[in-house]
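S.K.: Since the structure of chain S is already known, use the hints to place chain D on it.
One-letter residues, chain by chain:
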Amino acid sequence: MLYIKDPYLNEMRDQTEYHIRSEAHKARPLKPSEVSDKDWGNYIFFFANTKGIHFERWVNYTGHRKWFNVIRNTVTDEILATYRPDEDVVKIIADLGIDTKDIKVPGVLEKLKNKHV
Amino acid sequence: MTKFNIFSLIKNSLSYHENWEQHWRSPEPKKEYDVVIVGGGGHGLATAYYLASEFGITNVAVLEKGWIGGGNTGRNTTIIRSNYMWNESAKIYEHSLKLFEGLSQELNYNIMFSQRGVLNLAHNVHDLQEMGRRGTAIKLNGIDTVFLTPEQVKEKVPLINLNGRYPVLGGLFQPRAGNARHDAVAWGYARAADKLGVDIIQSCEVQGFDIKNGKVQGVKTTRGNIKTKKVGVVAAGHSSVIADMAGFNLPLETVPLQALVSEPIKPVLDTVVMSNAVHVYLSQSDKGELVIGAGTDEFVSYSQRGSFDVIEHIMPPIIELFPFTSRLRQLRQWGGMTDCTTDRSPIISKTPVDGIMINCGWGTGGFKATTGSGNVFAASLAKGEMHPIAQPFSIDRHYDGYLIDEAAAAGVAH
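Chains as they are written, first to last, in my numbering: chain S, 93 to 209; chain D, 876 to 1289.
Excised from the complex, chain S in its bound form (with noise of 0.2 Å):
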């Protein structure tokens, strides 16, 4: 069981205040109806999955109900890193000195990638 840092209320809280919905950074097409059918799939179904360094939003159901993101090891369950979406996750990944080679989530990845250009 995690013992989360909420983000919002600067304190450890316990994992079942808590829900996860998945991968984060996976930016939702603005226009759906103009996206093609494997776009769309991609966009609803397929995961990174990453097994190492892991990015995912959570939500607090039992308080404040406001969204935050993860930097989780999905080996060792450590929590290395919260924060809220405003938040700059390509300096939170430098910071923590994260190898961006070990990254696979493609949201992250692509963040990263229109840093250095």
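Check the hints yourself; a few may be wrong.
Unchecked claim - No farther apart than 30 Å at their CA atoms in a straight line, the calculated lysine-lysine pairs in the DSSO-like style are these:
id, chain 1, residue 1, chain 2, residue 2
1, D, Lys-1090, S, Lys-193
2, S, Lys-143, D, Lys-1087
3, S, Lys-118, S, Lys-97
4, S, Lys-205, D, Lys-1162
5, D, Lys-1162, S, Lys-143
6, S, Lys-143, D, Lys-1105
7, S, Lys-193, D, Lys-1095
8, D, Lys-1090, S, Lys-205
9, S, Lys-130, D, Lys-973
10, D, Lys-886, D, Lys-1258
11, S, Lys-97, S, Lys-207
12, S, Lys-130, D, Lys-886
13, D, Lys-1070, D, Lys-973
14, D, Lys-1102, S, Lys-193
These are computed hints drawn from the structure, not numbers from a lab.
Please read these numbers as outputs of a predicted model, since none were measured by experiment.
M.R.: Okay, now just chain D, sitting in the frame of chain S:
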């Protein structure tokens, strides 16, 4: 290899069972194989066995990172049933159940298949309606299923509490369902496949693929490179990791699923009881332990461990339904990594890489399909085209929308 029968048993008892020969070899990997199976669990070993026995393809290697049957094959609650609602599921799970019925004889290995039946409980009007719908669909597919009244449930399971917090309003029973010894299924397939010439290579981790112009040429492993034109990936919880090596993504998330067993007690339960609404499934093993299936965690994890709140969540309903369990001590608890699709149906499919086929996504209920999954996957690998039973389980269903939405997949509410 010794054939198991009463005479070999007597002969070996005279030497205190110390001279049984090894059931399978531990060969060094060859330079090249016709087919390489990645993953030495039940499904992978079954695939190798049927490749050799039905299609005469014996130059096959099964590569296993750890030891065979050490993953989900040895971690499940051993339930076998085929009472699924959708036609596509009915076909593959009933195919599996029929293969289980003859498996001990076919493999000359006692898999301890016990057709003690599986009983699903209804606790409210919605459950009854869902059961009516699912049960009727199952019957129309020619699969045995019986609707039970609360009195009939009580007759079958005398220790159940019909009028507790979760009143029992009815039940759906599949008489041909039951349990088998999970390890024996893996070992039986391994022994039979080895006898036909299949190389089972343990402690051999796949680290990458040799892919040229979109075609697979070989597999890179911790024990050297192996050439092959055909790869069958049957890696359960690690499927996404293997797919990543080959350069594609899968519609999977790997989540821990837990189970636990109690101290052994006298026989109290001679069927498998499942309750979707309160998320309980339990049976009694031949050793006398109550085998209890818990739920999955919500988050992706490769830790092979589950959270304690999941166990906390299932114990009260079990005590409510079976009050005698309130003072029963739970002895062991463990977790496995289940590869879950959104529609809770498996993926048996070609992949973007020519020559690599994948069999995964069995999620929380793969053990019951070990036989049929291996059988149709072997046929697909042998012919290069998906077997008719496997066709609906293509990855492409996530693009064209033909999902096989099995809420009944784990026998629990999703």
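S.K.: Would you mind marking each hint as holding or not holding in the structure?
M.R.: Against the structure, the hints:
1. Lys-1090/D to Lys-193/S: Holds, because 25 Å separates the two Cα atoms, which is no more than 30 Å.
2. Lys-143/S to Lys-1087/D: 26 Å, holds
3. Lys-118/S to Lys-97/S: Holds: Lys-118/S and Lys-97/S sit about 22 Å apart, inside 30 Å.
4. Lys-205/S to Lys-1162/D: 57 Å, violated
5. Lys-1162/D to Lys-143/S: 36 Å, violated
6. Lys-143/S to Lys-1105/D: 25 Å, holds
7. Lys-193/S to Lys-1095/D: 20 Å, holds
8. Lys-1090/D to Lys-205/S: 29 Å, holds
9. Lys-130/S to Lys-973/D: 37 Å, violated
10. Lys-886/D to Lys-1258/D: 43 Å, violated
11. Lys-97/S to Lys-207/S: 27 Å, holds
12. Lys-130/S to Lys-886/D: 62 Å, violated
13. Lys-1070/D to Lys-973/D: The given pair, whose Cα atoms are some 23 Å apart, holds under the 30 Å limit.
14. Lys-1102/D to Lys-193/S: Within the cut-off at roughly 28 Å; holds.
Comparing the model with each numbered hint stated earlier shows that hints 4, 5, 9, 10 and 12 do not hold.
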